[in-house]
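Novice: The whole structure should be built from the sequences, with the hints applied where relevant.
In order, the protein sequence lines correspond to chains F and A. Using our numbering, the first residue of the first sequence is number 3, and each one after it goes up by one. Using our numbering, the first residue of the second sequence is number 63, and each one after it goes up by one.
Keep in mind the hints are simulated off the structure, nothing from the lab. Treat the numbers as computed from the prediction; the structure is a model and nothing was measured. Keep in mind that the hints are not guaranteed to be accurate.
Said to hold, decoys possible - Simulated pairs of lysine-lysine, PhoX-like, Cα-Cα distance not exceeding 20 Å: (1) Lys80/A / Lys98/A; (2) Lys81/A / Lys98/A; (3) Lys98/A / Lys84/A; (4) Lys104/F / Lys102/A; (5) Lys98/A / Lys104/F; (6) Lys84/A / Lys114/A; (7) Lys103/A / Lys104/F.
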Amino acid sequence: GQSLEQPSEVTAVEGAIVQINCTYQTSGFYGLSWYQQHDGGAPTFLSYNALDGLEETGRFSSFLSRSDSYGYLLLQELQMKDSASYFCAVINQAGTALIFGKGTTLSVSS
Amino acid sequence: ETGVTQTPRHLVMGMTNKKSLKCEQHLGHNAMYWYKQSAKKPLELMFVYNFKEQTENNSVPSRFSPECPNSSHLFLHLHTLQPEDSALYLCASSQDLLAGEGQYFGPGTRLTVL
Numbered sequence: 003g004q005s006l007e008q009p010s011e012v013t014a015v016e017g018a019i020v021q022i023n024c025t026y027q028t029s030g031f032y033g034l035s036w037y038q039q040h041d042g043g044a045p046t047f048l049s050y051n052a053l054d055g056l057e058e059t060g061r062f063s064s065f066l067s068r069s070d071s072y073g074y075l076l077l078q079e080l081q082m083k084d085s086a087s088y089f090c091a092v093i094n095q096a097g098t099a100l101i102f103g104k105g106t107t108l109s110v111s112s
Numbered sequence: 063e064t065g066v067t068q069t070p071r072h073l074v075m076g077m078t079n080k081k082s083l084k085c086e087q088h089l090g091h092n093a094m095y096w097y098k099q100s101a102k103k104p105l106e107l108m109f110v111y112n113f114k115e116q117t118e119n120n121s122v123p124s125r126f127s128p129e130c131p132n133s134s135h136l137f138l139h140l141h142t143l144q145p146e147d148s149a150l151y152l153c154a155s156s157q158d159l160l161a162g163e164g165q166y167f168g169p170g171t172r173l174t175v176l
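Specialist: If you want it as structure tokens, here you go:
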């Protein structure tokens, strides 16, 4: 089977740096994705890592270590608008769709 | 706006009703998906369509019936639902079936079954 583990909640202050970890167990691995979902909104795609290493996109970066079945999302210079749920996801064994983690709720305070 | 629209945004129905959810994508994508999102639970994949053909049915009860008349439209027909089916139903699309490089989600339909 496939499963993903991520912390349920993270809190931080504006301007800080936060790392949200994700460990996964999967029968076949294609890559690790990250999505952001604001309360009442739809999930939006943030990043995708198929190879080991760090991918940077503005204030957000995502890292993958396939040997450790581990990845993280790094959010820098936190802003209040970054308060949201963040989901890691892997592609299912059939290669047809995503399996999501339970999500990490990030609360950013001033 | 992600280019994926869903109607209605909110729906309240009784257990004996029949209703349909609609999803439309304006992105020229080939794959479309239905997900269920319940409180305190991860997004659950329900159905996958690729070029109008169903490629995945994730053990979904038959009271949920999908329909994909073309690559741009996806429906979810609902009948004799249970209160535990109350959830946010999300539609998504992606360019190709291997969805890791980005799925685009609609705003969802908030369904309440009385």
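Novice: Hint by hint, note whether the structure agrees.
Specialist: Right, here's what the structure says about each hint:
1. Lys80/A / Lys98/A: Holds. Lys80/A to Lys98/A sits at ~18 Å (cutoff 20 Å).
2. Lys81/A / Lys98/A: Holds. Lys81/A to Lys98/A sits at ~16 Å (cutoff 20 Å).
3. Lys98/A / Lys84/A: Roughly 14 Å separates the two Cα atoms, so the pair holds.
4. Lys104/F / Lys102/A: holds, 7 Å
5. Lys98/A / Lys104/F: holds, 13 Å
6. Lys84/A / Lys114/A: Within the cut-off at roughly 15 Å; holds.
7. Lys103/A / Lys104/F: holds, 6 Å
Violated hints for the displayed structure: none, as all numbered hints are satisfied.
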